Amino acid sequence: MEEWAEKKNKKKIVVEKINLKIGEFTCVEPISLINTFNAAVLGSWLDSSEITIETIPFEGKCSKCNRLYFPKKENGYKSPCCNFNLEEIISGRELKIASIDFKEK
Amino acid sequence: MHLPISDKIELNILHQNSHQAEKNKIKFNNYNLLCLNIMSSPGAGKTRLLEITLEDLSKKFHSAVLEGDMTTNLDAARLEKLNIPVVPITTGRACHLDANMVSGGLKLLEKKINPNLLDILLVENVGNLVCPAEFEIGEHFKVALLSITEGEDKPLKYPIMFREADLILITKVDLLPHLNFDINELKSNIASTNPKADVIEISSITKSGFHLWQDWISKKILKFKNN
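First to last, the protein sequences are chains A and B. Every position in the first sequence, counted from 1, becomes a number in the numbering used here once 1061 is added. Every position in the second sequence, counted from 1, becomes a number in the numbering used here once 36 is added.
Bear in mind the hints are in silico, worked out from the structure with no lab data behind them. You may find that some hints are simply not true.
Below 25 Å or equal to it, Euclidean Cα-Cα: the simulated DMTMM-like pairs (lysine to aspartate or glutamate) are [what the hints assert, rightly or not]:
id: 1; chain 1: B; residue 1: Lys44; chain 2: A; residue 2: Glu1148
id: 2; chain 1: A; residue 1: Lys1134; chain 2: B; residue 2: Glu46
id: 3; chain 1: A; residue 1: Lys1122; chain 2: B; residue 2: Glu170
id: 4; chain 1: A; residue 1: Lys1133; chain 2: B; residue 2: Asp218
id: 5; chain 1: B; residue 1: Lys193; chain 2: B; residue 2: Asp251
id: 6; chain 1: B; residue 1: Lys59; chain 2: A; residue 2: Glu1155
id: 7; chain 1: B; residue 1: Lys193; chain 2: A; residue 2: Glu1090
id: 8; chain 1: A; residue 1: Lys1078; chain 2: B; residue 2: Glu46
id: 9; chain 1: A; residue 1: Lys1122; chain 2: B; residue 2: Glu46
id: 10; chain 1: A; residue 1: Lys1139; chain 2: B; residue 2: Glu237
id: 11; chain 1: B; residue 1: Lys261; chain 2: B; residue 2: Asp202
id: 12; chain 1: A; residue 1: Lys1157; chain 2: B; residue 2: Asp189
For clarity, every value in this text was computed on a predicted model and none was experimentally measured.
If we strip away everything but chain B, and leave its shape as in the complex, we get:
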């Protein structure tokens, strides 16, 4: 045996995922297709958000969904009723989507529709505030939902998710009169973690704030298409 040798590598552990995410992004760009990665804890309202959003959005823009779920196609079945292309991605025991899964989902989507005809791809990630934040999928923007029933402290407890997000949607705000919840404290905690994020309050019951969210998406699509 020889003396030990130390070889400097300086390689990201998630290098393979990042590499695939870059390839996905190139594909999205070639298709002129804006991709949003929608993330939250389970039950924050991602699927309901998409149901309501797509009812209006699909009148203006050609939309499709990649629907990540651990063990069922229940969410995908809900969205398929909107008559838009939906591809379920069942992650099995994995608690997040990774770039390879999204690449596979995109291949299935290509069999359903020519992605050149699409304007926006919404990827609903698995409900989890930890791992999805670390795994790039090739998205152009990250959107994190936080429902007020989860508590004001979540941006501090799960800082990476909220730090990484470009937009934070505070959901279920119709419940504010019924809860002992300080929305200013939540906003302050969001600002502490990520002062650059856009923040919109919405309710899937009253539909308040949905016009702001729709505007946000529309502006992103138009800006992306013009670049």
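So that you can see chain A by itself, here it is in the shape it has in the complex:
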């Protein structure tokens, strides 16, 4: 964020939103991330900003028939079509800042 802000000339901008993409198959709990962010930015140049989180579904691909499916823990993450083990993950491992909304002062 600091690097990005310096490029934009930090003193001349106000960050409104930091938009995150968090996959369902990561070790991140969105509520905890929001709470931590809100505590961390208190009194800083990001104090008035908020984070939004777009949850990216956990999606796998059946290695037998190539169908996409949503792996479930209850089913051992196996494909419902062929009951195959989860080999390929299509999405759900994302952990990134997608975009930043800001205004120029």
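Put chain B on the given structure of chain A with help from the hints.
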């Protein structure tokens, strides 16, 4: 004030850690030094595994350990008795090692020994099945331990740890006759989460399976050195 502008970033939140991990890996490669990241829940037997492993391994390969622990140097003190270079990394309140900590540990190791003389660096991570799975440290392979006293369902409950692992060691298998534990169910849960992982059953009491684990390491070192 002007109208809001949206700037596309698409940057990994752990970008800084990943960047440092890449730098660590380049260093390991330049030293021709294979690095394993050893992870598990607390008490699964990581330190005991290293004690037994290093007794034999250090006869064939020059080995060193970075020993991650939250608040003490107890594990490092155990491993120092093996007369190999050991660097303790005390993480304080952090529940995992990150790439910066490992970089710092490597710098301390460089003061103890020229890493060019080493073949393998074993990094014992902090006991935790969640965060260590997300933080690359520059390792070449991840090894996850799972003791049978933890239950058959752990690969399903902590899928990312077991998904990320290249090798899963099922530990404490000497306890099998005393527990109501279905090892086939555990293996099935491992396969569901990570069908590509190697799996070895071991016991630090009977030493069963240790030859397979030692073979696994030896092959990885030799392949790495030949590349």
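Verification of the hints:
1. B:Lys44 to A:Glu1148: Violated - the C-alpha atoms of glutamate 1148 of chain A and lysine 44 of chain B are around 31 Å apart, more than 25 Å.
2. A:Lys1134 to B:Glu46: 29 Å, violated
3. A:Lys1122 to B:Glu170: Status holds; Cα separation ~22 Å.
4. A:Lys1133 to B:Asp218: Holds, at roughly 22 Å.
5. B:Lys193 to B:Asp251: Not OK: lysine 193 of chain B and aspartate 251 of chain B at ~30 Å, beyond 25 Å, violated.
6. B:Lys59 to A:Glu1155: Since the Cα atoms of lysine 59 of chain B and glutamate 1155 of chain A sit roughly 22 Å apart, the hinted pair holds (cutoff 25 Å).
7. B:Lys193 to A:Glu1090: 15 Å, holds
8. A:Lys1078 to B:Glu46: Holds, at about 14 Å.
9. A:Lys1122 to B:Glu46: 24 Å, holds
10. A:Lys1139 to B:Glu237: It holds: about 24 Å lies between the C-alpha atoms, which stays within 25 Å.
11. B:Lys261 to B:Asp202: Judged against 25 Å, a Cα distance of about 19 Å means the pair holds.
12. A:Lys1157 to B:Asp189: Roughly 29 Å separates the two Cα atoms, so the pair is violated.
When the structure is compared with the earlier hints, violations turn up for hints 1, 2, 5 and 12 and for no others.
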